Amino acid sequence: MTLSLKKRPKLLVGDYTVWAIFFTLCFISVIEVYSAGSYLTIKENSYFSPLFKQICYLGLAAITASVVQFIHFRYLSYLAIGGGVISIILLFFTLFGGQNINNGARWISIGGISFQPSELNKLCLIIYATAFTANAQKPDGTTRKISFLVLAPTFLSFGIIATQNLSTALMLVVSVFSILFIGNVPWRNFLKSLAYFSIGAVALLGAFWLYWGPNSTMTQRFTTWGSRLETRDERPQNPRDFVITDKNRQVTHAHIAFARSGVIGRGPGRSVQRDYLSAAYSDFIFAIIGEELGIFGCAFVLLLYMGLFIRTYYIAKQCTGRPPAFIVMGIGIILLIQALANMAVAVGLAPVTGQTLPLISKGGTSNLITGVYFGIILSISHYARTCNPTEEKKKLPTA
Numbered sequence: 010m011t012l013s014l015k016k017r018p019k020l021l022v023g024d025y026t027v028w029a030i031f032f033t034l035c036f037i038s039v040i041e042v043y044s045a046g047s048y049l050t051i052k053e054n055s056y057f058s059p060l061f062k063q064i065c066y067l068g069l070a071a072i073t074a075s076v077v078q079f080i081h082f083r084y085l086s087y088l089a090i091g092g093g094v095i096s097i098i099l100l101f102f103t104l105f106g107g108q109n110i111n112n113g114a115r116w117i118s119i120g121g122i123s124f125q126p127s128e129l130n131k132l133c134l135i136i137y138a139t140a141f142t143a144n145a146q147k148p149d150g151t152t153r154k155i156s157f158l159v160l161a162p163t164f165l166s167f168g169i170i171a172t173q174n175l176s177t178a179l180m181l182v183v184s185v186f187s188i189l190f191i192g193n194v195p196w197r198n199f200l201k202s203l204a205y206f207s208i209g210a211v212a213l214l215g216a217f218w219l220y221w222g223p224n225s226t227m228t229q230r231f232t233t234w235g236s237r238l239e240t241r242d243e244r245p246q247n248p249r250d251f252v253i254t255d256k257n258r259q260v261t262h263a264h265i266a267f268a269r270s271g272v273i274g275r276g277p278g279r280s281v282q283r284d285y286l287s288a289a290y291s292d293f294i295f296a297i298i299g300e301e302l303g304i305f306g307c308a309f310v311l312l313l314y315m316g317l318f319i320r321t322y323y324i325a326k327q328c329t330g331r332p333p334a335f336i337v338m339g340i341g342i343i344l345l346i347q348a349l350a351n352m353a354v355a356v357g358l359a360p361v362t363g364q365t366l367p368l369i370s371k372g373g374t375s376n377l378i379t380g381v382y383f384g385i386i387l388s389i390s391h392y393a394r395t396c397n398p399t400e401e402k403k404k405l406p407t408a
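Just add 9 to the spot in the sequence shown (first one is 1) and you have this note's numbering.
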């Protein structure tokens, strides 16, 4: 039974189910990051420093969500355009002055604080694509114009991000085309856009190859991804002949973690493979969840993300206009895709991508942006309950 708006606490004006999922993910994060942070404990020479930092990150995400939930959706598209331009400039800057992490210049430092521009770009592009697609929609589908206006910034973002993090670039493209699909873009227009984008992406890779050369760091990132796809399923005929190398160390120990998990797991804080996984607290935290909480724990985490996606669909159905409905569905799509990508890597269904588990993996920028995602969902859920259809139609921004 839904509480009336008058009885709701002023700090929690959005959907209670979304808030419950948010805090549940934060609770799991605190436990698992602390458990999986043995590498960070040794590195920072402190038992509680990694935990304290993660609690601060999650607290900042909660504050961000609480603030963003009061921003009306009609301002989001304008903020997304401004933020998108800023993120493109920052992405260009990372190509030349970014901090190198795992051979990829993904970070920049502003006032001593490291920041990942690709996360901001992903947020802004999703909002822009959803709002623009919704505003251009007609009863018989969207106009031919919409595909180019959405495709152009998507291709620009893909081209820059792909030089630093190909998995994030591909995930962004999949999310945008998913938005075009649910936006009722005519099939012919949709397939043409997909074909144009594919041709442009291949041409871009060729340009990188010719400009930087086959032995440059830039082009080697793409060949590294290709080798991951080729070697992912390689197994010796005799399992006893399997050798753990630097290339397969992370994936192998993730598989061992799942093999030792069982139905209920080894229990919180009793992971063994965390000592062998350097990215146990981020990229492979789902493997630690599997080892400690078992199949039930993994299924519960998966259901949380699926439940969030279903809830965004329910909120979208409540909206009386297309823009808020499309925005909330777009956010639900990208959060679900990122979560599934992280899980697929941990269980061996996909090559290593470097994608974190939203709101569970340790991280500053990723958790902050995820807080913005949740804040937007909460804002639209509140707006869908309180605004009448006539007022909404008058406030819709036009493309």
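Keep in mind that the hints were calculated from the coordinates and are not lab data. In this text the structure is predicted, and so the values were computed from the model without any measurement. Check the hints yourself; a few may be wrong.
For each label pair, taking beta carbons as the anchor points, the in silico distance ranges come out as [to be verified]:
| no. | residue 1 | residue 2 | range |
| --- | --- | --- | --- |
| 1 | L158 | Y56 | 39 to 45 Å |
| 2 | V356 | T26 | 26 to 32 Å |
| 3 | I72 | K326 | 36 to 42 Å |
| 4 | Y25 | N257 | 41 to 47 Å |
| 5 | I64 | G316 | 42 to 48 Å |
| 6 | R258 | L311 | 38 to 44 Å |
| 7 | A29 | F102 | 36 to 42 Å |
| 8 | N193 | I319 | 16 to 22 Å |
| 9 | T50 | V272 | 26 to 32 Å |
Here a beta-carbon is modelled for each residue, glycine too, at the ideal position from N, C-alpha and C.
Honestly, which of those hints from before does the structure not fit? 1, 3, 5, 6
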